[in-house]
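Below are the chains, spelled out letter by letter.
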Amino acid sequence: AQSVTQPDIHITVSEGASLELRCNYSYGATPYLFWYVQSPGQGLQLLLKYFSGDTLVQGIKGFEAEFKRSQSSFNLRKPSVHWSDAAEYFCAVGPNQAGTALIFGKGTTLSVSS
Amino acid sequence: KAGVTQTPRYLIKTRGQQVTLSCSPISGHRSVSWYQQTPGQGLQFLFEYFSETQRNKGNFPGRFSGRQFSNSRSEMNVSTLELGDSALYLCASSQGGGGTEAFFGQGTRLTVV
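As they're listed, the protein sequences go chains A and B.
Under my numbering, think of the first position of the first sequence as 2, with each following residue one higher.
Under my numbering, think of the first position of the second sequence as 572, with each following residue one higher.
So that you can see chain B by itself, here it is in the shape it has in the complex (with noise of 0.2 Å):
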């Protein structure tokens, strides 16, 4: 079956804009949750969403949003870009449950210039 998929795979973006990133889950899974990677910090956990609700939630600032539709397809956003938000961001779906096993995407490179 389909993978998790994660677009653009690539993205250059100025200071101050806002970006989308789009990630849809392998059939079936209702629970998307959200990393940033950077070399500094690492992979830190933004957010998770299940059946369309915050489930769980990192410690990044209110300019990182997210939201998941009823196909359990989920979005995140980030408002007002800094130069710091150049990052990797991964998302990784799973069905939920206990246990299960979350499966990665290869993610999308988010360049600030």
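The following block holds chain A by itself, in its conformation from the complex (with noise of 0.2 Å):
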């Protein structure tokens, strides 16, 4: 079954430490990865995507994503945390480039204390 595993449901940094948020998906076809960043009452934003190649892909707002095919991982990395960054993260699996029909992880709310 396709499915996508958001182990932690709720992670605290501190600003300006680093922060890893963890994604694992079971996917039968070529996965397409995406991470989203969703503000209390807005709609959900892409961070970045993953189709191919470079297992490492850079987003926006500093975000970074890393493919491990041997461990069905997308593991979500930011080197330094701004208070700003506080929000949910959703992880998800399509079946195209485009983002369509998609498949969430349950999503990982993310507090920064100060």
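It is worth saying that the hints were derived from the structure and are not from the lab.
It should be emphasised that the depicted structure is a prediction, and the values quoted were computed from it without experimental measurement.
The beta-carbon is built from N, C-alpha and C at its ideal position, and this holds for glycine as well.
Hints are not guaranteed to be accurate.
Stated by the list, open to error - Here are some, though not all, of the chain A residues that point toward chain B, as calculated from beta-carbon distances under 10 Å:
id, residue
1, A30
2, T31
3, F35
4, G44
5, L45
6, K50
7, G54
8, P96
9, T101
10, I104
Put the two chains together into one complex, using the hints given.
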């Protein structure tokens, strides 16, 4: 069955510290992988996506993610977290590069402490 | 350019009623996808329309239906509302081809009482 698992429901990180959000997927075909961020009361904003090629992808707001096929993982990282990064983060997998018909993980809520 | 517009932003309906939600995609986008977001189940894909045809469908009962018009605007309808249908309904539009990004609207918050 196709699924996305985000093991961490809630993470708290100090401002300026590094961040890693975990994502594991199960998908029968070639996975198209995405990370989205959602602020309270807002829709989802795409942070980055992976289709093929270089397994380390760069996104907006200083985020990057690494695709590891052997581990079926696509973890999101940021070297230094800012208070404005507090939000909910969703990993998703889909059948195409356009990001339609996505299967989402349950999300990880990031809190940033000062 | 204008983003994805969903109307209304908030709705309160009574159990057993039906409801129609609207999504206006970004100009030039031909694909519209709908998602349901609840605290318990998270984000779940409902269906995708491309050029007025349903192209993909999630695992939801037949009470959930949708359509897309020739101008790419889409509506979703939920009949015989249940308390569990209370959710944030998000739509996303994209050009529909490869290599393009899906942009999300702010959603419609549906409360069923």
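A quick look at each hint next to the structure:
1. A30: It is violated, given that the least Cβ distance between A30(A) and chain B is near 14 Å, above 10 Å.
2. T31: violated (12 Å)
3. F35: At about 9 Å, which falls below the 10 Å cut-off, the nearest Cβ of chain B leaves the hint on F35(A) intact, so it holds.
4. G44: The hint holds - G44(A) has a Cβ within 10 Å of chain B, the shortest such distance being about 4 Å.
5. L45: holds (4 Å)
6. K50: This interface hint holds because 7 Å falls under the 10 Å limit.
7. G54: violated (12 Å)
8. P96: Status holds, d = 8 Å.
9. T101: holds (5 Å)
10. I104: Check passed: Cβ of I104(A) comes within 7 Å of chain B, closer than 10 Å.
When each numbered hint is compared with the structure, violations occur for hints 1, 2 and 7.
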